[in-house]
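Undergrad: First to last, the sequence lines map onto chains A and B.
Residue 1 is where the first sequence starts when you use the numbering used here, and the numbers rise one by one after that.
Residue 1 is where the second sequence starts when you use the numbering used here, and the numbers rise one by one after that.
Watch out, some of these pointers could steer you wrong.
Here are the computed lysine-lysine pairs in the DSS-like style, where the Cα-Cα straight-line distance is at most 30 angstroms [claimed, not checked]:
{"id": "1", "chain 1": "B", "residue 1": "K181", "chain 2": "B", "residue 2": "K231"}
{"id": "2", "chain 1": "A", "residue 1": "K188", "chain 2": "A", "residue 2": "K314"}
{"id": "3", "chain 1": "A", "residue 1": "K141", "chain 2": "B", "residue 2": "K371"}
{"id": "4", "chain 1": "B", "residue 1": "K80", "chain 2": "B", "residue 2": "K170"}
{"id": "5", "chain 1": "B", "residue 1": "K80", "chain 2": "B", "residue 2": "K371"}
{"id": "6", "chain 1": "B", "residue 1": "K170", "chain 2": "B", "residue 2": "K36"}
{"id": "7", "chain 1": "A", "residue 1": "K141", "chain 2": "B", "residue 2": "K181"}
{"id": "8", "chain 1": "A", "residue 1": "K141", "chain 2": "B", "residue 2": "K375"}
{"id": "9", "chain 1": "B", "residue 1": "K170", "chain 2": "B", "residue 2": "K371"}
{"id": "10", "chain 1": "B", "residue 1": "K148", "chain 2": "B", "residue 2": "K313"}
{"id": "11", "chain 1": "B", "residue 1": "K148", "chain 2": "B", "residue 2": "K78"}
{"id": "12", "chain 1": "A", "residue 1": "K141", "chain 2": "B", "residue 2": "K363"}
It is worth saying that the hints were derived from the structure and are not from the lab.
Model, not experiment: these values are computed from the prediction.
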Amino acid sequence: MMQGLRSLLPILVFTVLYAALSLSVTNSYYQLVMTLVPVWAIFGLSWNLLSGYTGLISFGHAAFFGLGAYAVALGQIYFDLSPWVLIPLAAIIGGIAGLLIGFPTFRLQGHYFALAMLAYPLAILYVFEWLGFQEITLPIKRDAPIAYMQFSDHRFYTLLALAMMLATILLTRAIERSRFGMALLAIKQNEAAAEAAGINTLAWKLRAITLSGAIAGAVGGFYAVVLLVVTPQSVFGMLVSAQALTVAMFGGVGTVWGPVIGSAILIPLAETLNAEAGSRFPGIQGVIFGLAIVCVILVAPEGLFWKVRDFLRKRSGPQKMATQTAPDLPIAGSTLAAAPSPRERSQGKGDVVLEVRHLSRSFGGLKAVQDVSFKLRQNEILGIIGPNGAGKTTLFNLLNGFLRPDSGEILLNGREMSGHKPHELCEAGIGRTFQIMRPFQRMSISDNVVVGAYVRASTDVEARRLAADAIARVGLSEIADRIAGELTTKELRLMELARALAGQPRILLLDETLAGLGHDEANEVVAVIQRLARDGMTIAIIEHTMQAMVRLVDSFLVLDHGAVIVEGEPEVVTRDNRVIEAYLGKKWMAHAPH
Amino acid sequence: MPKTNRAALTRRSLLAGASAGLVSSRVWAQQPSEVKVGLLVPVSGLYARPGTVMRHGAEMAVEHINAQGGVRALGGAKLKLVVLDSGDTTEKAKNAAQRMVAQEPGLVAASGAYLSSFTLAVTEVTERANLPVLTLSYSDLITDRGFKYIFQTSATAGSQARQALPQIVKLAETASGKRPKTVAIVTDNTAASVSSAKAMRDGLLAENGLQLIVDETFTPPLADATSLVQKVRSARPDLLFFLPTVISDAKLLLEKMNEFGLGQGKIPTISFGIAIAEPDMLQTVSPELLQGLLTCVASWGAKGHEALIAELKTRYREPWMTQNAISTYGDMWVIKDALEKAGKADRVAVAEALRSMDAGPSKYYPLGEIKFDEKGRRIGAGMTIVQWQSGVPVTVFPPELALVQPLWPKS
Numbered sequence: 001m002m003q004g005l006r007s008l009l010p011i012l013v014f015t016v017l018y019a020a021l022s023l024s025v026t027n028s029y030y031q032l033v034m035t036l037v038p039v040w041a042i043f044g045l046s047w048n049l050l051s052g053y054t055g056l057i058s059f060g061h062a063a064f065f066g067l068g069a070y071a072v073a074l075g076q077i078y079f080d081l082s083p084w085v086l087i088p089l090a091a092i093i094g095g096i097a098g099l100l101i102g103f104p105t106f107r108l109q110g111h112y113f114a115l116a117m118l119a120y121p122l123a124i125l126y127v128f129e130w131l132g133f134q135e136i137t138l139p140i141k142r143d144a145p146i147a148y149m150q151f152s153d154h155r156f157y158t159l160l161a162l163a164m165m166l167a168t169i170l171l172t173r174a175i176e177r178s179r180f181g182m183a184l185l186a187i188k189q190n191e192a193a194a195e196a197a198g199i200n201t202l203a204w205k206l207r208a209i210t211l212s213g214a215i216a217g218a219v220g221g222f223y224a225v226v227l228l229v230v231t232p233q234s235v236f237g238m239l240v241s242a243q244a245l246t247v248a249m250f251g252g253v254g255t256v257w258g259p260v261i262g263s264a265i266l267i268p269l270a271e272t273l274n275a276e277a278g279s280r281f282p283g284i285q286g287v288i289f290g291l292a293i294v295c296v297i298l299v300a301p302e303g304l305f306w307k308v309r310d311f312l313r314k315r316s317g318p319q320k321m322a323t324q325t326a327p328d329l330p331i332a333g334s335t336l337a338a339a340p341s342p343r344e345r346s347q348g349k350g351d352v353v354l355e356v357r358h359l360s361r362s363f364g365g366l367k368a369v370q371d372v373s374f375k376l377r378q379n380e381i382l383g384i385i386g387p388n389g390a391g392k393t394t395l396f397n398l399l400n401g402f403l404r405p406d407s408g409e410i411l412l413n414g415r416e417m418s419g420h421k422p423h424e425l426c427e428a429g430i431g432r433t434f435q436i437m438r439p440f441q442r443m444s445i446s447d448n449v450v451v452g453a454y455v456r457a458s459t460d461v462e463a464r465r466l467a468a469d470a471i472a473r474v475g476l477s478e479i480a481d482r483i484a485g486e487l488t489t490k491e492l493r494l495m496e497l498a499r500a501l502a503g504q505p506r507i508l509l510l511d512e513t514l515a516g517l518g519h520d521e522a523n524e525v526v527a528v529i530q531r532l533a534r535d536g537m538t539i540a541i542i543e544h545t546m547q548a549m550v551r552l553v554d555s556f557l558v559l560d561h562g563a564v565i566v567e568g569e570p571e572v573v574t575r576d577n578r579v580i581e582a583y584l585g586k587k588w589m590a591h592a593p594h
Numbered sequence: 001m002p003k004t005n006r007a008a009l010t011r012r013s014l015l016a017g018a019s020a021g022l023v024s025s026r027v028w029a030q031q032p033s034e035v036k037v038g039l040l041v042p043v044s045g046l047y048a049r050p051g052t053v054m055r056h057g058a059e060m061a062v063e064h065i066n067a068q069g070g071v072r073a074l075g076g077a078k079l080k081l082v083v084l085d086s087g088d089t090t091e092k093a094k095n096a097a098q099r100m101v102a103q104e105p106g107l108v109a110a111s112g113a114y115l116s117s118f119t120l121a122v123t124e125v126t127e128r129a130n131l132p133v134l135t136l137s138y139s140d141l142i143t144d145r146g147f148k149y150i151f152q153t154s155a156t157a158g159s160q161a162r163q164a165l166p167q168i169v170k171l172a173e174t175a176s177g178k179r180p181k182t183v184a185i186v187t188d189n190t191a192a193s194v195s196s197a198k199a200m201r202d203g204l205l206a207e208n209g210l211q212l213i214v215d216e217t218f219t220p221p222l223a224d225a226t227s228l229v230q231k232v233r234s235a236r237p238d239l240l241f242f243l244p245t246v247i248s249d250a251k252l253l254l255e256k257m258n259e260f261g262l263g264q265g266k267i268p269t270i271s272f273g274i275a276i277a278e279p280d281m282l283q284t285v286s287p288e289l290l291q292g293l294l295t296c297v298a299s300w301g302a303k304g305h306e307a308l309i310a311e312l313k314t315r316y317r318e319p320w321m322t323q324n325a326i327s328t329y330g331d332m333w334v335i336k337d338a339l340e341k342a343g344k345a346d347r348v349a350v351a352e353a354l355r356s357m358d359a360g361p362s363k364y365y366p367l368g369e370i371k372f373d374e375k376g377r378r379i380g381a382g383m384t385i386v387q388w389q390s391g392v393p394v395t396v397f398p399p400e401l402a403l404v405q406p407l408w409p410k411s
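Bound-form chain A, shown alone (with noise of 0.2 angstroms):
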């Protein structure tokens, strides 16, 4: 709580420091462009609000903060309604056609989403012009004027303006913090991984448009009623939807200070440009605008506020990293000479937990699996080995509801969960980890973890305790503050592991997790990954190579074209004349021992 309060100071300081500078200007025109700055941040944080947390970058914001616009201003020339009524049904209404819009165009991805994005406003703009409002003014209110938000006093608007900011800032805040954000930066680094961890990642994106369409309506709602005179290109035109992007990259994406800063660094060089430049030498002003975002761009790619946060980063980090790196070399040796061996769990007798019947998958002419069949019982360490192209990663993806079988079934404890959707198959108990590793690059580890860990947690405290768990059990525990950039491929590996232990799973899937590791680190691994089965977890680790499996797994299930070749402990599977024709050619059949 404590530190929620002291994180929250700066953004206070600087509301309080704005509203006293704004009071101080006198002069009308200084005081329109201190109610810009707070009006684009806005916008600003409405887009960063979907596209800076999501990764989908939406280039048709207009499209909400026109219909505000448009709301505020017909609702008070047709139904004589004050804008301090418009603006929260403004809000409404940008959060509906946000949720309408997005759960069509949420099917596309990447560049796709971005272009469709794109024609959401462009074709409000022509339904506008259709309907023949081309130009409307917001009548003049000249007997109450406070009623109808008409100030004669400029200095109310950026009052108005910065209350807006302030709140809209403090939801950002609190959804970053919850599990709402988690969810968010989650799709935004992968989205697969995100739903393997229990996401359901429509259902949050859908909230996320739905809230920053609602907070693009307010703010579009408020400008018309600064701006007075509403027409579609002003509001849905293409350079609205460029000044959101604009001032979020600009000041940095994906933080609540990013379109802060960008927009109180660009919209006052916007406008000095204007008076000064401008009437010198007309059409400059455009030029050094557009140069100025270049540079800035080129040198500080993800805006100015993450280059000015890692330079200080850099400053200060040399020592606490000397201090972290050494405690946690000890932990990870001990745990390797206390691990049993495989022999000592009781193996092959515990219940089936999971059972594969007969599960076939093609892409076209090719079988990636073929009809595997296998169980998987209570406590078991299953290895899924083949060679390059034999079909493990697709299997894993069909067990966790990537990928839909063409046939055959999957049983969980006696329940058919074949087409289930992976969050679902999360919720239900199959945690997994990539063969590609996607760790959120400037969270730390702990934030790393708890994402996995929403889907078991009610609250976030429970999430965070979940999540602290998890990291004790492999082990990270004393570098649990660490950023993920920081960290050796082993940490990482772990990290990931963790983050798939923090939701509890039953059944926990490692795609090639001892894969890029040196010997020693692999080992360290190892014995992670058999603590955890020692204490009850049932796992399928898939590899490519088997000399560290050897020692790992109680028994091996063979691949090869997406078939089962041999099935059974790892003495036998080793000497199997399939298994070495399938991974040295039928040229080495004759060195094997008989």
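Please arrange chain B on chain A, whose structure you already have, making use of the hints.
TA: Then chain B, alone, in the frame of chain A:
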């Protein structure tokens, strides 16, 4: 003298003089050596070209006024033009207006802001700052808001359509010997075109015994004019009202009409607004294609402006005098007259003088008087019909302003 006074001001004397400020400013107001007049027009961006021509007109007028002794009622005070860039968006125009009223407290009046949407936004600011603004924008909306500080020198769009139709019918009748019966409208959906077309549909055509047989609206920029022109060709109207705003759209339609054999006046084609008679047209459309094309404009260089037209040609290398130049030229003279009447360099007094002004027949705007009604619309504001003849758009109507005889396309 105030100039040297101001330069000599130190911080101490400023403080000391603060209490006496009211008195001294009144002293200055009585005997100013110069009076600031604003011109808020686009001089950068998409609309820089027309804005620059407006600036030419204003500069010429200020020079002429000052050369002829300045404002006599203020002891021969000279006018000083303050130009602000309205940019190319509504927001920029509004910000520029805010800058104008905040940073130029000495302004007594202004002219602007080219596009109707800019003028709407700009006057929202100037109205609250009690700064009188003269405008050539002719959207009816501008003077329908109950504002007290806006003066519209052009006939409004609705009024133009009302005036134009009877005259065009008359022109057609005398030239071809028969009265036109059917019309086509091809219009874009910008505000000015929409109000013109709406006024025609809502009764004006019927009043003039004309039947609407083709009615097409498009959104600029036009990608292909084929279907529009095909509809016109199959209907064969007696008159075609053609209301584009963007030059590229006009070019596309004219070329397509020529391709379909409707060009060069096979179907008499009448436009509204000045876009179609701007010098830029010649850069993209050949004079042969334009020959005979008529357009109804709010104002144009006409009979009585020959010397001005010649001066504009030599000084700024403009081929002819458009509405932008002549109207803005006139605005400066009206402001000068208002200053003479007000007797002081004060914006509220100038606005009051404009409201009560009755300066007789208009010299620079077509027809009517220099007198404004309670909405701020110029009384009797007429219009000019201009025709492309051998690569130059010349005034052919009304007869008292016409520089040459109209060519009516042979039927």
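Undergrad: For every hint, state whether the structure bears it out.
TA: These are the hints, each one checked on the structure:
1. B:K181 - B:K231: holds, 17 angstroms
2. A:K188 - A:K314: This hinted pair holds, its Cα atoms lying about 25 angstroms apart.
3. A:K141 - B:K371: Holds, because 28 angstroms separates the two Cα atoms, which is no more than 30 angstroms.
4. B:K80 - B:K170: violated, 45 angstroms
5. B:K80 - B:K371: Answer holds: K80 (chain B) to K371 (chain B) is near 24 angstroms, not above 30 angstroms.
6. B:K170 - B:K36: Measuring from Cα to Cα gives roughly 45 angstroms; hence the hint is violated.
7. A:K141 - B:K181: Measuring from Cα to Cα gives roughly 47 angstroms; hence the hint is violated.
8. A:K141 - B:K375: Judged against 30 angstroms, a Cα distance of about 17 angstroms means the pair holds.
9. B:K170 - B:K371: Cα-Cα ~28 angstroms, so holds.
10. B:K148 - B:K313: Violated - the C-alpha atoms of K313 (chain B) and K148 (chain B) are around 37 angstroms apart, more than 30 angstroms.
11. B:K148 - B:K78: The hint holds at about 26 angstroms.
12. A:K141 - B:K363: Given pair K141 (chain A), K363 (chain B) is violated - Cα atoms ~37 angstroms apart, limit 30 angstroms.
Hint compliance for this structure: hints 4, 6, 7, 10, 12 are broken, all remaining hints hold.
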